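Number of protein chains: 2
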Amino acid sequence: MKVVFIGAGNLATHLAWTMKGVGITIGQVYSHTADSAKTLASRLDVPWTTEIDEIHFDADLYIFSLKDSVLRSVISQMKTNNALWVHTAGSMPIDVFDGHTERGGVLYPLQTFSKERKVDFRNIPLFLETKREEDRTVLNEIGHLISDNVRFLSSEKRKSLHLAAVFACNFTNHIYSLAYRILSEKDIPADVLLPLIDETAAKIHALAPAQAQTGPAIRYDENVINKHLEMLEDPDMKNLYRLISQSIHRETMK
Amino acid sequence: MKVVFIGAGNLATHLAWTMKGVGITIGQVYSHTADSAKTLASRLDVPWTTEIDEIHFDADLYIFSLKDSVLRSVISQMKTNNALWVHTAGSMPIDVFDGHTERGGVLYPLQTFSKERKVDFRNIPLFLETKREEDRTVLNEIGHLISDNVRFLSSEKRKSLHLAAVFACNFTNHIYSLAYRILSEKDIPADVLLPLIDETAAKIHALAPAQAQTGPAIRYDENVINKHLEMLEDPDMKNLYRLISQSIHRETMK
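First to last, the protein sequences are chains D and W. Take the first sequence: its letter number 162 is residue 848 in the numbering used here, and every next letter is one higher. Take the second sequence: its letter number 114 is residue 800 in the numbering used here, and every next letter is one higher.
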């Protein structure tokens, strides 16, 4: 089997590297940006291109790992062939392939990728979808080659999964950022928070988050809550504090 | 040295157990609630009481680990002696001891404690404060017996630390809870989020959270943001989504 990567961002880099590691042949890398294409291709020791019409026509699998905003346009510029075409986007439906190939699919790894950080793909949940029933087996096999956590999920449900991931990853990270800001304004080294942050994440492996909730908001300790609101000068942080505290409190009444 | 615990909650339980483990003598446990007092005392194999006037008078260190709302009242009912009295509350100033003892202090462990979960105190940052200069050495030595991460911090700064901890722990956990809710409403097993949650926490050991930020809000991808807002039916979740996304976006402009 020969794979072509359309896109060379963080996700594509980690995925391509993992696939090569399990013996899958990567044939070529395309990226709009020469630097990105070159960097990934040289790591994989394969040719690269920045021209859509130079993309190899003879691969078995094309992996579109592109920004949501350009995915449709790149797909529409590709010459149709008989290979499996999959994208890796949480928020894009499988029907972006409609009209361009019958063999559309999705391989969505639920993880946050940075260039600098190694990740172990075996632990990453993969969510698959194929347009044709016959392609399920192929994509399922590919999924299991790289991860121990593979399942099929519809485009409709994947949208909700992506929304949940925005909360669990992007929003959580921003909350960390606000906590760091509070400390750095008082010249307290922010990394004192790391053991607490680690334990907060570790805890929910054993306990559902609704059960693990602690702090002034769940007790609705208005004394502490009001003192905290007074301390927050930034109106956005004040609003966020109030809204999240109310939301925590409301959860107890459900 | 003999220690008496005033309070027998999660923090007191973990702290007392850790102190016993490093060879510190626990003399007695007081709690307003007989069950809590009995449970902790039996684990430590020491006497317990629910009566403030039965608290041993001859200890060297009294650790007040009580709800903020009752701390002052319990302190005021204690007979004054010459021992060191410390509390463990992030949000309470050292001057709660004023008028009752000259030897007030604080030992605040920055961590979230649950009865069921073991924690390694050696990794927990301890924040100490003493009213009298002479008590610094004693409390510092006690701190180092149980943790490798000990420092002194004023009541004023500890207030900010506690506020940051509410963000980093309580608010983060609630964001997890909302993410879980989104998935369970769609019958997607919520624990698929755990590798993402773990990596989000692990990432900021290497990268400041403001640098680690990813997702639609930092790109201000209005297309995705609006789709997500449409998907959220709960008005509170909609508000939270909007407010956090704006706050992420504003951070990029700083």
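Honestly, the hints are just simulated from the structure, not real lab data. Mixed in with the good hints there might be a few duds.
Identical chains share a label here; the pair holds if one copy fits it or two copies do between them.
Claimed, not checked - Here are the simulated DSBU-like cross-link-like pairs (lysine-lysine), alpha carbons at most 35 Å apart as the crow flies:
id: 1; residue 1: Lys924; residue 2: Lys765
id: 2; residue 1: Lys913; residue 2: Lys845
id: 3; residue 1: Lys872; residue 2: Lys801
id: 4; residue 1: Lys724; residue 2: Lys872
id: 5; residue 1: Lys688; residue 2: Lys924
Please read all numbers here as calculations on a predicted model, not as lab measurements.
Here is what the structure says about each hint:
no. : hint            : in the structure
1   : Lys924 x Lys765 : neither (53 Å within a copy, 41 Å between copies)
2   : Lys913 x Lys845 : between (39 Å within a copy, 9 Å between copies)
3   : Lys872 x Lys801 : both (32 Å within a copy, 32 Å between copies)
4   : Lys724 x Lys872 : neither (44 Å within a copy, 41 Å between copies)
5   : Lys688 x Lys924 : neither (54 Å within a copy, 44 Å between copies)
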